[in-house]
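> Residue numbers (our numbering), protein chains in the order written: chain A, 1 to 180; chain B, 181 to 408.
None of these hints come from the bench; they were simulated from the model. Using N, Cα and C, we set each Cβ at its ideal position, and we do this for glycine too.
Every beta carbon over 10 Å from chain A, so not counted as near; a handful from chain B, in silico: (1) A213; (2) I218; (3) E222; (4) E232; (5) M322; (6) W343.
So the derived list for chain A, only partly shown, Cβ under 8 Å to chain B, looks like this: (7) V46; (8) I71; (9) R137; (10) A173.
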Amino acid sequence: MKIKKTSLFILSLALVVALLPVSSYAQTPTEEPVSEEGCTMAKAKVATHATAAAAAQTDHTAKYTRLKSDIDTLVSSATAAKYPDVETLTAARDNAAIAMNTYTSQAKKYATTLEKVQNAACGEEAGQFTQTLATARTELALTRTGSLAVKSAVTKSVVPALRDYASWLKASADTTQEKQ
Amino acid sequence: MNPLSDEPNNKPSPKVDPATFVPEDSSPEADLAALEAIGVLEAEESTSRILEEAHAVPTLSEVPEPTPVHVAAPTPPLAPIEVEMPKEVIQEEQLSSSDTPFKAFPSEDTTAGITAALNEAPVLTNTNPFASQKQKKSLKKMVIILIAAIVLIGGAVAGYFVWQSTQNTSTVAPQIDSGNLPSGPVETPTDTEARVNASAAAIENDINSTDDTVYDDNSLSDATLYGN
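Using the sequences plus the hints, can you model the full thing?
Structural data, given as structure tokens:
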């Protein structure tokens, strides 16, 4: 019985010791005191970053619109050419379009949060700044994930589908030449 | 003693007393006198009979009052009704009371008298208040129906014109500038293997060239924000 009690105590102690650094790490951003000077400086940097993020969003959106148009044209011509696997091409195009829309809405959200960070009060109410900054960090990660998802959808689905279509075109052209 | 009646007649004859008349002889003068007496007696008897009959006729006051007649709403005013009254009654009423609604007129000018009486008689007019209310109600109904009909017709006409105008706009042929049209048939570019492959490569390059460095975690890290 004594051995059991001692082992249980040691085990619980070990658990507390193991979890202590994790909890302290998780609480660091919110509990870390931010001086008014540091807050003001951080807000200026956030403003610079917000401008860059807005430019990136504009650049990404314009690129996505152009890509959508190009892919749509190819899907239409594949349908007109009675490409048998046009459904795969259409599905790839649709997935890419969904990913692009997701990125656009997430980027807008991120821009709004960055604005909130810039407008957060410093000084005694610095907690508001750190909280909004934490939200902005989460949304930054989501926006990046969205952009990567678009890249993935285009490079891993649309481009291979287009290559398949090109192969089919070559095969059908060869067949026509052979017949002639 | 009257030779034609059992009752004794006390009235003296103007010339010959029939009660005391006794023919003494059969002379022509005596016969003439007897005939005269008989005539006088007969005249007296007829007068008394007429008076009795006149008393037996009912007076105007005893005549039952006529039941009121309800006249229909839009009928024209009624003409005076000619009431034929016995001459004797008229005379008696005239004698008994001067307030009677009927006047006795001399028998010589009967037509003129009746005409005058009819002119003075009250003319029946339509004074029923319910009839006038009904008239007003029906008039209101008519006005409402008329307005509704006008509104309906107006709406129908307006709707027709609106519909016609929309039809006109929808049927107008679009104006095409024929100068900008290509002269020959438009050739749709046909996909080739090379062309599609080139497009795929361009799309791949375009998407890969997307700069995501701005979305790095370092952008909002503590080191970046609070560091120098």
